[in-house]
Amino acid sequence: MDETNRKNQLWILAIVVFLSVVSIVTYAMNEYYIYLTAYLWFGFIYGMSLQYGRFCFSSAFRDLFAVGVPRMAVGIMIAMALFGLVSAFVTAVGMSTFHSAPYGVHAVIAGLIFGVGMVLTGGCASGSLYKAGEGNGVAFLVILSISVTQAIFADIGGWANKLAPQSWHDSAVAKGLPASINAGDGWVDQFLAGHVWNLPTTSYAEIVKFKNPFLAAYVGNVLVGIILPAALILLGVYLIWVRKSFLGKRKKEGLPSSGLGVELAGYWGMIAASKRTAIAGLILGIAAGLHMFVMKGLQVKFGVQNFGELMQRMGITFGLSEKGTVFDPGYWYVTTQEAQWVGWVFNKLGADNMDNIYFGLNNGIPNPLINPADWMSIALIFGAAVMALSHNEFKWKAPTLELAMWAVIGGALMGIGSRLGLGCNIGAFFVRVSQGDVSGWLFGIGMIGGAFLGVKFFNWYTDRKMAKEMAACDL
Amino acid sequence: MAMKFEKKGEGAFLLDVTGYVCPHPQLYTKKALEKMRTGDTLEIIFDNPSSGESIASMCDTTGDEIAEKTTNGGKYKWTVKKAERA
Numbered sequence: 085m086d087e088t089n090r091k092n093q094l095w096i097l098a099i100v101v102f103l104s105v106v107s108i109v110t111y112a113m114n115e116y117y118i119y120l121t122a123y124l125w126f127g128f129i130y131g132m133s134l135q136y137g138r139f140c141f142s143s144a145f146r147d148l149f150a151v152g153v154p155r156m157a158v159g160i161m162i163a164m165a166l167f168g169l170v171s172a173f174v175t176a177v178g179m180s181t182f183h184s185a186p187y188g189v190h191a192v193i194a195g196l197i198f199g200v201g202m203v204l205t206g207g208c209a210s211g212s213l214y215k216a217g218e219g220n221g222v223a224f225l226v227i228l229s230i231s232v233t234q235a236i237f238a239d240i241g242g243w244a245n246k247l248a249p250q251s252w253h254d255s256a257v258a259k260g261l262p263a264s265i266n267a268g269d270g271w272v273d274q275f276l277a278g279h280v281w282n283l284p285t286t287s288y289a290e291i292v293k294f295k296n297p298f299l300a301a302y303v304g305n306v307l308v309g310i311i312l313p314a315a316l317i318l319l320g321v322y323l324i325w326v327r328k329s330f331l332g333k334r335k336k337e338g339l340p341s342s343g344l345g346v347e348l349a350g351y352w353g354m355i356a357a358s359k360r361t362a363i364a365g366l367i368l369g370i371a372a373g374l375h376m377f378v379m380k381g382l383q384v385k386f387g388v389q390n391f392g393e394l395m396q397r398m399g400i401t402f403g404l405s406e407k408g409t410v411f412d413p414g415y416w417y418v419t420t421q422e423a424q425w426v427g428w429v430f431n432k433l434g435a436d437n438m439d440n441i442y443f444g445l446n447n448g449i450p451n452p453l454i455n456p457a458d459w460m461s462i463a464l465i466f467g468a469a470v471m472a473l474s475h476n477e478f479k480w481k482a483p484t485l486e487l488a489m490w491a492v493i494g495g496a497l498m499g500i501g502s503r504l505g506l507g508c509n510i511g512a513f514f515v516r517v518s519q520g521d522v523s524g525w526l527f528g529i530g531m532i533g534g535a536f537l538g539v540k541f542f543n544w545y546t547d548r549k550m551a552k553e554m555a556a557c558d559l
Numbered sequence: 006m007a008m009k010f011e012k013k014g015e016g017a018f019l020l021d022v023t024g025y026v027c028p029h030p031q032l033y034t035k036k037a038l039e040k041m042r043t044g045d046t047l048e049i050i051f052d053n054p055s056s057g058e059s060i061a062s063m064c065d066t067t068g069d070e071i072a073e074k075t076t077n078g079g080k081y082k083w084t085v086k087k088a089e090r091a
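Taken in order, these protein sequences are the chains called A and B. Numbering follows our numbering, with no gaps: position 2 of the first sequence is 86. Numbering follows our numbering, with no gaps: position 68 of the second sequence is 73.
If you're looking for bench data, these hints aren't it; they were derived computationally from the structure. Bear in mind the structure is a predicted one, so any value in this text is a computation, not a measurement. A portion of the hints provided could be inaccurate.
[To be verified] BS3-like, lysine-lysine: derived pairs with alpha carbons at most 30 Å apart:
1) Lys328/A x Lys359/A
2) Lys295/A x Lys336/A
3) Lys549/A x Lys479/A
4) Lys74/B x Lys552/A
5) Lys82/B x Lys552/A
6) Lys40/B x Lys74/B
7) Lys380/A x Lys74/B
8) Lys259/A x Lys359/A
9) Lys479/A x Lys13/B
10) Lys82/B x Lys549/A
11) Lys40/B x Lys13/B
12) Lys549/A x Lys80/B
13) Lys259/A x Lys246/A
14) Lys549/A x Lys13/B
15) Lys549/A x Lys86/B
16) Lys359/A x Lys13/B
17) Lys259/A x Lys40/B
18) Lys9/B x Lys479/A
19) Lys12/B x Lys359/A
20) Lys407/A x Lys380/A
21) Lys40/B x Lys295/A
22) Lys293/A x Lys328/A
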C-alpha cells in the first residue's frame, strides 16, 4: 500500500469514527437525537452513492445537449423508478411523510431558472454537495451562493413588494396569518400565500381514482407517474442521441441493423451502458424510500409530527417557527437547510428575518448543530469524501476566478429557482416525481429547458475560447 | 489555471483543463476532437472525476479510442485517438 492510500484510509476511518461518535454521544445525551442520527446516516449513504455513480442531475440533460451522453438521464430514471416502487409501498401502508405541492406554471418557470443555474455552476444542488466531498472549491462556492441567495430572497421586501400583483397581496392578507409574519409584506410571502397556496395539489394516485391504496400507489404514482413518462423520455433519448451510433457500430461489425429486436437491444444497451450510474441509481432509489419509512417510524415512536416538538421537549426553543416547527421533510432534501444556516447567521448578526412565511411560519432557523436536514447534508459531504478517498479521487481544488464567477451567478439562479419551485432538483423534481406528485414533472420540464439554454450559452462561450487556442494549431 | 490547447507534434495535441468542473472538460474535449483529423491523438489532462465518465461515454458513442488512462492523486491523463466519423 502506498503512502497516499494509507493516508486516505486513515481519513476514511477518521470520518466514520467521528460520525459514529457523534451518533453515540448525542444518543447518550438524549434519545431524541436518534432522529437526527437517522438523517445523518441516510445523508452519508446518499453522499457515497452520488460520488460512486458521479450522480449529478445537472449532467443528465446538460451532457445530452452538450456532448450527446445519456448515462445520467438513464441513471435518474432508474433511481426515480426504484424510489417510486419503495415509496409506493410506504404510501399505501400510510407511512409516508410526503405531501404534494401546488402545481402550476410557477413550477416550470422555477425549473427553467434552476436549470440555467445548474449548467453555469457545473452541478445541481445535490451534485454540488457531493463534489464538495471530493474537495472541489467551486462546489463549496456554489453551496454558499445558493444558501445566501435563498436567505435573502425569502425575506426580500421593500421595492420588491411592488413586483407582486395586488391580487396576490389581497389574497395573502386574507389568509389571516399571525401578525408577526406580516404576509402582505415581502415578495415571497405574497407569492406563496397570495398565489401558490391557491393552486391545486394532486397526485397520479388520486387521478386514477382506485380505492385500493396499493393499486392507487403502484398504478397511479409508479406506472402512470414515473415508469411511462420515464420510458418515453428514454425512448426520445435513444432515438435522438443513441440509435444512429448503435446501428452504425452493428453495421461495421456485420451484425443485423434493423428490426424490433435490434432496436430493443439498443434501448437496453443504453440503459445498461453505465453500470456505476445504474448501481448508484438503484441504491439511491431504495435508500430514499427507506428514509421516508424510518423517519415516519421515529415520528410514530416519539408521538410527534415534527422535530420542533422534540426540540421543545429538550428545552430548545430558539429558531422555532410560529407553529413550533423546524424544517423536517422526512425525506431527502437539499436547499431549505442551506437557506436556514445562512438565515441563522443573519439572525445572529441582527437581521429580523423571522417575519416571513419561509422562516417565520414554516421552517424556522434552528442552530445548524441541531437542524435535522443540516445533519443530512453535512453527512452527505462526508459520505462523498469517504467514497472519493477510497478511490483516490479526493483532491482539494481552489476555484479559479472564472469558475468562481460562474459558481456565484449559477448558484444565485439555483437559489431563486429553488424558492420559486419550493425545492431543487431533489425536493422539487426527484422526490415529487417519485411520489407521483404532478408538480414534479412540471419542474423537470422547466429544468430540461433551462439546461438547454445553459448549454447554448456555454457552447457560445467555449467556442470563442477554443477558437483563440486553436488559432496557432493549424486546425 | 486557464484552459490550454496546443499542438505537441504532428497529429498530436494536448488539452489541459486542470481545475475545470463540468461541463468544461467534456465540452472542450468534444470541440477539440471535432476539429482534429482521423488518427490524430489528444492528450487530455483533467481533475474532475465526473468529466471522465462523460468523456468515456462520448468516446464510446463516437468510436474514438481511449488509448491510455493514468491517474495520479486525483489528476487524470487520458490519450484519445480520433476514429473516422460516420
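Here is how each hint holds up against the structure:
Proximity of Lys328/A to Lys359/A is assessed by CA-CA distance (about 22 Å); at most 30 Å being required, the pair is judged to hold. Restraint check for Lys295/A and Lys336/A: not satisfied, since their Cα atoms lie roughly 54 Å apart, outside the 30 Å limit. Simply put, Lys549/A and Lys479/A have alpha-carbon atoms about 26 Å apart, close enough for the 30 Å limit, and the pair holds. Of the supplied pair hints, the one linking Lys74/B and Lys552/A holds, its CA atoms being roughly 28 Å apart against a limit of 30 Å.
The straight-line distance between the Cα atoms of Lys82/B and Lys552/A is roughly 23 Å, inside the 30 Å bound, and the hint therefore holds. Restraint check: the Cα-Cα separation between Lys40/B and Lys74/B comes to about 22 Å, which is no more than 30 Å; the hinted pair holds. Our distance criterion of 30 Å between C-alpha atoms is broken by Lys380/A and Lys74/B, whose separation comes to about 47 Å. Among the hinted pairs, Lys259/A with Lys359/A is inconsistent with the structure: their alpha-carbon atoms are about 51 Å apart, more than 30 Å.
About 27 Å separates the Cα atoms of Lys479/A and Lys13/B, which keeps this hinted pair within 30 Å; it holds. For the suggested pair Lys82/B and Lys549/A, the alpha carbons sit about 22 Å apart, so the restraint of at most 30 Å is met. The hinted pair formed by Lys40/B and Lys13/B meets the criterion: a straight-line CA distance of about 15 Å does not exceed 30 Å. Of the pairs offered as hints, the one joining Lys549/A and Lys80/B holds, with about 23 Å between alpha carbons and a cut-off of 30 Å not exceeded.
Note on Lys259/A and Lys246/A: the hinted pairing holds, with a Cα-Cα distance of about 20 Å set against a maximum of 30 Å. With a CA separation close to 19 Å, the supplied pair Lys549/A and Lys13/B stays within the 30 Å bound. In summary, the hint linking Lys549/A to Lys86/B is supported, as the alpha carbons are separated by about 23 Å, within the 30 Å threshold. About 35 Å separates the Cα atoms of Lys359/A and Lys13/B, which puts this hinted pair outside 30 Å; it is violated.
Distance hint between Lys259/A and Lys40/B is unfulfilled; the C-alpha atoms sit about 61 Å from each other, more than 30 Å. Of the supplied pair hints, the one linking Lys9/B and Lys479/A holds, its CA atoms being roughly 21 Å apart against a limit of 30 Å. About 35 Å separates the Cα atoms of Lys12/B and Lys359/A, which puts this hinted pair outside 30 Å; it is violated. Distance restraint check for Lys407/A and Lys380/A: the Cα-Cα separation of roughly 20 Å lies within the 30 Å cut-off, and the hinted pair is therefore satisfied.
Only pairs whose Cα atoms come within 30 Å are accepted, and Lys40/B paired with Lys295/A is rejected, the gap being roughly 60 Å. The suggested pairing of Lys293/A with Lys328/A is violated, with an alpha-carbon distance near 41 Å, which exceeds 30 Å.
Violation of the numbered hints given earlier is confined to hints 2, 7, 8, 16, 17, 19, 21 and 22; the remaining hints are satisfied by the structure.
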